[in-house]
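Chemist: Listed below, chain by chain, are the residues.
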Amino acid sequence: MSKNNEDLDMRPEGSSKEHENESGIVDRLWNIFSSMKLGLFLLIVIAVTSIIGTIIPQKRAPQDYGDLYPLYSALGITDMYASWWFVTLLFLLAMNLFICSFNRMTPLWRLFSQPKAKVSENYLTRLDHHIIHDAQKSQDNMAQQVKENWQSRGYRVVEEKVDGKIFVHGDKGRYGIWGSFITHISLLVILIGAVIGIYFGTEGRIAAEVGRTFSLNEVYQLTPDEDFKVRVDDFKTIYREDGSVDAWISTLTVIDEGQEVLTEEIRVNHPLNYKGYKFYQSFYGSYIPTQVSSPGAPEGLEITITERDFVPVPGTNLGVWVAQYIPDFDPNLGWVSKSPDPNNPRIIYVLYRGNQQIGIGAAKIGEPEILADGEGAITFQDYQPYTGLSVRKDPGVWTVWIGSGLMILGLGLSFYLPHRRLWAIVEDNNGKAQVRIGGHAQKNKIAFEKEFEEITAPYQHKTEGRGTS
Amino acid sequence: MGFEENLLFYLTFAAYGIASLLYISYVGTKNSTTAKVAFYVVAFGVVVNTAAMALRGYIGGYVPLSNGYEFLLAFSWGIAFVYLVTEWKYKVPITGAFVIPIAWLLLAYVAILMPVEYKVARPLMPALQSNWLTYHVLTAQFGYGAFAFSFGAGIMYLIKERAIKLNREIGLAAKLPSLETLDQLGYRLIAVGFPLLTLCIITGAIWAEYAWGRYWSWDPKETWSLITWLVYAVYLHARFTYGWKGKKAAILAIIGFIAVLFTFFGVNYFLSGLHSYA
Ligand code: HEM
Chain A
1 MSKNNEDLDM RPEGSSKEHE NESGIVDRLW NIFSSMKLGL FLLIVIAVTS IIGTIIPQKR
61 APQDYGDLYP LYSALGITDM YASWWFVTLL FLLAMNLFIC SFNRMTPLWR LFSQPKAKVS
121 ENYLTRLDHH IIHDAQKSQD NMAQQVKENW QSRGYRVVEE KVDGKIFVHG DKGRYGIWGS
181 FITHISLLVI LIGAVIGIYF GTEGRIAAEV GRTFSLNEVY QLTPDEDFKV RVDDFKTIYR
241 EDGSVDAWIS TLTVIDEGQE VLTEEIRVNH PLNYKGYKFY QSFYGSYIPT QVSSPGAPEG
301 LEITITERDF VPVPGTNLGV WVAQYIPDFD PNLGWVSKSP DPNNPRIIYV LYRGNQQIGI
361 GAAKIGEPEI LADGEGAITF QDYQPYTGLS VRKDPGVWTV WIGSGLMILG LGLSFYLPHR
421 RLWAIVEDNN GKAQVRIGGH AQKNKIAFEK EFEEITAPYQ HKTEGRGTS
Chain B
1 MGFEENLLFY LTFAAYGIAS LLYISYVGTK NSTTAKVAFY VVAFGVVVNT AAMALRGYIG
61 GYVPLSNGYE FLLAFSWGIA FVYLVTEWKY KVPITGAFVI PIAWLLLAYV AILMPVEYKV
121 ARPLMPALQS NWLTYHVLTA QFGYGAFAFS FGAGIMYLIK ERAIKLNREI GLAAKLPSLE
181 TLDQLGYRLI AVGFPLLTLC IITGAIWAEY AWGRYWSWDP KETWSLITWL VYAVYLHARF
241 TYGWKGKKAA ILAIIGFIAV LFTFFGVNYF LSGLHSYA
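Note that the protein sequences, when read in sequence, are chains A and B.
Heads up, the first sequence stops at 469 in the UniProt record's numbering, and the numbers go up one at a time, no gaps.
Heads up, the second sequence stops at 278 in the UniProt record's numbering, and the numbers go up one at a time, no gaps.
I should point out that these hints are in silico values taken from the structure, not numbers from a laboratory.
Each residue gets a CB set at the ideal place from its N, CA and C atoms; glycine is no exception.
One thing to keep in mind: the hints can contain errors.
[Claimed, not checked] One side of the interface only, derived from the structure: several residues of chain B facing chain A at Cβ under 10 Å: (1) Ala108; (2) Ile227; (3) Leu230.
Start from the sequences and build out the full structure, keeping to the hints where you can.
Modeler: In structure tokens, the structure reads:
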């Protein structure tokens, strides 16, 4: 009976409980997977290999890797965190954690709910702290005193009488036993959440002009399992006084089965969430339908461009670089808009001849702008800002958060609720009691040492000092 | 940066510098008054460090934890604060000679090498406007402080251990605390730092989820914080199951803090990613 208890304590609980029978392949695998040796190996290998992906840029186009591409590709390190071997390492770690936790469940439960009081003297004297004391009391009185002393200090006490000896066990902080168990399970929960996200999640992007209504099917790369629509009511950029961007704000309305169900402003850090789909403010831009012409090419060119595009003027060596849209242009302020409202909307452009910058202008929307004394003309017919949304559904996210919460709980228990244990063996020595007391704490041994000294202070002469281990 | 900000910064810098010198001279003299004075100088440093951060918050109009200068002020604060608490609790002033210089060196980096555009208060770009970022940096601040201490303890351990092995426990080595004490101290601080680092990673993930819609994207900074976390996990497990105490533990604690520093500096300088505006 006591064997269990001893094993539990001198070794980390359940760390490498070997199966009795080593013969079967299943048992052998089970043993390998319940060993901490494999665990440490995996932790180290994962830590070291993770470095690769931080040095070699991930998920680039093949030509970005140059001649090394075939090698990198064969090793899977152009997208290494999703490569078969890295995923296998994570899977092995998960198996290791699962089996190791599973193995420890029963012994931990026993330790938690019904610790055994009986231990051998040999075991007791091998503990970090122990004393022997000859009392002037009877055996029963002595045991009673020990129990009361411990109980008054908040220890849970159990007693057992075997072969005329009284065994007492006391412990405190027993919820701490579950700390590392919960931590390990939490990691599994997080990994499960990640896997749910990979298999059942979906993600896409869309650029939508103000006024447009799009359905989920139109979102690039999204594979939706719902069918509602979203209308972009507004998109604006809020600037601070110094011209820096304070926020990009899109106003979105969700239309489900023809009904407007919800209208919300989204911005970075404040996504909209509907039926598990989240809409993030992710990028922005504009469409500018534009007409360019020159006397040599009067039919001109009709294209849709955006800010920072370069437009060659057909039939000439001129070119227009479209710099920026300004909603409320004021010549004194230049690039900074007077207000966010479109009171005097202009597009600032730079005119080039060849590589030479020859002019700068602020074109009115919808009116032709004459370039280089009539060598060409450009008309920005409209300015249609669009908002760039990323749309994401990840049903695994809550699992990940629950796992994270469990991990914090587990670490808290593990590090801040140290399990402390005391044992006493009270023997009868011709009507007088001889008592041995031993104690052990897995964590915060310094504090426990003090407590042990206080607890054993009443038993004056210590025939043996504190042991070392 | 304005005059007041500079003044507070240089007062902090000077306080940690003077305290470092006092602690180092304490190693030589073992004069307990020196240690006591050094302790109060560090305490003064923490006060002006706090004031420097508060002033930055006032000027910037945001929680001052969002650019390189602010992170480093927070980092040095964390180291000095954790040192004060640990010293108050365990009374081993000699560790000051190994821990406070780290805080000082971080600020020396700001004073000497950091370009001014990284130092001034700048309006927060939209992605940085998040409470989760604040929690993220706060937990890092305390956690990194604890790891810096365990690093100092690890270095001391190696010095002492080597001296004992060579049978030359004289000079510096003779004055260091016992191997057992150093080992226990290192462990206690990692036991504080590990849950904080875990919280730091989790709050960072929550922030990323709000800002970009992905709680984890394997960007280099994230990955390096995970690597750091794994190193400390190895420390805890090897200690617990194989009894890797003493020298091996000290070496792991040192590697762990090097990983912390790399996460903090190396990633910004050598690697690129989402965090590169930090
Ligand atoms: C990243 C992965 C892991 C994390 C974060 C983790 C976390 C922890 C923590 C915090 C403790 C308590 C340490 C202490 O009290 O000093 C612990 C203990 C332990 N871990 Fe892990 N662990 C991980 C992986 C593993 C693996 C793969 C195994 C598999 C064999 C394992 C087996 C153990 C054992 C046997 C203990 C001692 C149990 C006890 O407290 O009684 N761990 N772990």
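Chemist: Next, verify each hint and record whether it holds.
Modeler: Each hint tested on the structure:
Evaluation of the alanine 108(B) hint against chain A yields a violated restraint, the C-beta minimum of about 27 Å exceeding 10 Å. Because the beta carbon of isoleucine 227(B) sits about 5 Å from the nearest beta carbon in chain A, less than 10 Å, this interface hint is met. At a threshold of 10 Å, the smallest CB-CB gap from leucine 230(B) to chain A is about 4 Å, leaving the interface hint in force.
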